[in-house]
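S.K.: Residue 104 in the numbering used here sits at position 90 of the sequence shown, with consecutive numbering throughout.
Source of the hints: derived by calculation from the structure; they are not laboratory data.
Hints are supplied without guarantee of correctness; some may be wrong.
What the hints assert, rightly or not - With a Cα cut of at most 25 Å, we get these calculated DSS-like pairs of lysine-lysine:
(1) Lys34 / Lys137
(2) Lys137 / Lys101
(3) Lys34 / Lys101
Stated by the list, open to error - Between beta-carbon pairs, the in silico distance windows are:
(4) Glu39 / Ser112: 34 to 44 Å
(5) Ser73 / Thr108: 18 to 28 Å
(6) Leu31 / Arg130: 16 to 26 Å
(7) Arg130 / Thr92: 13 to 23 Å
(8) Ser83 / Glu23: 52 to 62 Å
(9) Glu87 / Lys123: 20 to 30 Å
(10) Asn33 / Ser72: 30 to 40 Å
Ideal Cβ placement from N, Cα and C applies to all residues, glycine included.
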Amino acid sequence: MEYSQVMLEMLERIKVLENKVQVLEEKINNAPAPLSQATVQLDKVSAKYRGLAEYLLSSNETRVTLTYSQIEEILGFTLPDTARKFKQSYWANTETHSYASSWMAVGYKTRVDVERDTVTFIKNIF
Numbered sequence: 015m016e017y018s019q020v021m022l023e024m025l026e027r028i029k030v031l032e033n034k035v036q037v038l039e040e041k042i043n044n045a046p047a048p049l050s051q052a053t054v055q056l057d058k059v060s061a062k063y064r065g066l067a068e069y070l071l072s073s074n075e076t077r078v079t080l081t082y083s084q085i086e087e088i089l090g091f092t093l094p095d096t097a098r099k100f101k102q103s104y105w106a107n108t109e110t111h112s113y114a115s116s117w118m119a120v121g122y123k124t125r126v127d128v129e130r131d132t133v134t135f136i137k138n139i140f
């Protein structure tokens, strides 16, 4: 392949990448504003789990990873055995679990690391 052909192909690839970056930048710029305390639905969070909701809300982080011990410290009580025994289902992002509203009401979803016994709360930005 000639040098000029290689350069043309590289330029084409750069253009494709620039277009992809532009699309991503537009998504970020058009994303809804971060949830403020005024728009958060803390009234949907039970008093028992409100501490976790308030902690996440005040963190202003996109990702917050906590151990079970840290979560218990924030809540002020020991998590039920089911939180450790049925990790995936306990920390599921579902409205059928009242405690899930503690993170969902403030715009987060969870991911569980079953090996490390940690929960990562990820802010919905799109």
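S.K.: None of the hints should be skipped; say for each whether it holds.
M.R.: Hint check:
no., hint, result
1, Lys34 / Lys137, "holds, 23 Å"
2, Lys137 / Lys101, "holds, 20 Å"
3, Lys34 / Lys101, "violated, 37 Å"
4, Glu39 / Ser112: 34 to 44 Å, "holds, 39 Å"
5, Ser73 / Thr108: 18 to 28 Å, "holds, 22 Å"
6, Leu31 / Arg130: 16 to 26 Å, "violated, 35 Å"
7, Arg130 / Thr92: 13 to 23 Å, "holds, 19 Å"
8, Ser83 / Glu23: 52 to 62 Å, "holds, 54 Å"
9, Glu87 / Lys123: 20 to 30 Å, "holds, 22 Å"
10, Asn33 / Ser72: 30 to 40 Å, "holds, 38 Å"
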